[in-house]
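A.B. asks: Read off the chains here:
Protein chains: 2
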Amino acid sequence: MKHFQRELDKIKKMILSLGALVEKRVHQIKQVLEDRDVAMANEIIHLDHEIDQMEVDVEEECLKIIALHQPVATDLRFLIAVIKINNDLERIGDQVVNIAQRVVSISKHPVVPYRFDYSVMADKAEAMLRMSLDSLVNQDLDDAIRVLHLDDEVDAIKNEAYDRIKTAIANGVTEDIGYMINLLLISRHIERLADHATNIAEEVVYMIEGEIVRHGRLD
Amino acid sequence: MKHFQRELDKIKKMILSLGALVEKRVHQIKQVLEDRDVAMANEIIHLDHEIDQMEVDVEEECLKIIALHQPVATDLRFLIAVIKINNDLERIGDQVVNIAQRVVSISKHPVVPYRFDYSVMADKAEAMLRMSLDSLVNQDLDDAIRVLHLDDEVDAIKNEAYDRIKTAIANGVTEDIGYMINLLLISRHIERLADHATNIAEEVVYMIEGEIVRHGRLD
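So the protein lines, in turn, are chains A and B.
In this text, residue positions in the first sequence follow my numbering: the first is 1, and each later residue adds one.
In this text, residue positions in the second sequence follow my numbering: the first is 1, and each later residue adds one.
Among the hints, erroneous ones may be present.
Derived pair list, reagent style DSS-like, types lysine-lysine, alpha-carbon separation capped at 27 Å [claimed, not checked]:
no.	chain 1	residue 1	chain 2	residue 2
1	A	K166	B	K166
2	B	K84	A	K10
3	A	K108	A	K158
Please keep in mind that the hints were generated in silico from the structure rather than gathered at the bench.
So that you can see chain A by itself, here it is in the shape it has in the complex (with noise of 0.2 Å):
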């Protein structure tokens, strides 16, 4: 049994700096926002393989635990949880690169006097990638609910994005309309990192709320 928990305790530690590695990657892609950085994201792009890698390992070595150790109850439901949060983080790693591959595209295109500041959204992604990975942390509920309410707030930014770029757009800001359409699929991207932030916390939930299901049953 100390055997089964220090291998519990190896996947938490193992999900937490894959955690850490994408939370450093939403910082980093927040920087190249910030100042067309194309060296950081073209470094971005070249690393992500990193991502993939850990991703596999996070996943094996829970397929190894549960084959190994049969848990049942919570243990196996952390288990699982763990293997569909590692999918997430592995897919917000994709959506860095996404956002990586248009600023270099946007580079190429000759100066347009028309930029979009993702500061406030990215920030509000970044928190909440945190506090999902807070939440699994800490079985943290109330953690993990208030990353559910951040989304509705990204989403109603996207919402502005769209509604901003379409009108310069129609304003004819500019007539390259592949330079604002990349501008809107960025804020999509962004959204779709803390999409991916919220079915964390929306795991963790489901794993705690799970476990009192469990125990009512019990009582």
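Given the coordinates of chain A, work out where chain B should sit on it, guided by the hints.
C.D. replies: Leaving out everything else, chain B in the frame of chain A:
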């Protein structure tokens, strides 16, 4: 052991009936796109909870089987794959709903003399979903790999849609930029739908190749 086999068969039936329902929705959304059928779009939005409920049921059933029968090796890998594929099917349902919502939104715009024909793209996405589910049932590596190739074709059409719609906006075919952006976003929802079919196929490849590696070790 016979009991366990019956449980596995039950899971297969459950994931396939979810797959069949999602396929039906994808087929319906093709019609919605072709006929701008707002009534059917609203019905699809209204019925999404059916898919959500089936997803929860499949995951709960998988967890129950793992906890009760403590499968290892191939059977465990299969059940974990089902949990992940289940998740992708539910998200395909979400993409179908997103497309339905865009069609409802478009229908409120004044008539714009510009249409984009999604039929080829949607046909390919539908074929990908069908083939990915076939590859799961038959554990067929060839089918799964064909899905991955089709994904490249869908991506190519998405890029074509982007170029064509961008050019149409630049040429001022309509002042209704919102309408044009909705057209663009529909193509991206179809692409994401195809991405989830690709995830399913990749999961099947991983499952089959994982087996091969395991057999290799045993020999």
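A.B. asks: Assess, step by step, whether the Cα of K166 (chain A) is no farther than 27 Å from the Cα of K166 (chain B), and give holds or violated.
C.D. replies: 13 Å, holds
A.B. asks: With a cut-off of 27 Å on the C-alpha distance, tell me whether K108 (chain A) and K158 (chain A) pass.
C.D. replies: Distance of about 24 Å is within 27 Å: holds.
A.B. asks: Check whether the Cα positions of K84 (chain B) and K10 (chain A) lie no farther apart than 27 Å.
C.D. replies: Answer holds: K84 (chain B) to K10 (chain A) is near 22 Å, not above 27 Å.
Taken one by one, the earlier hints all hold for this structure without exception.
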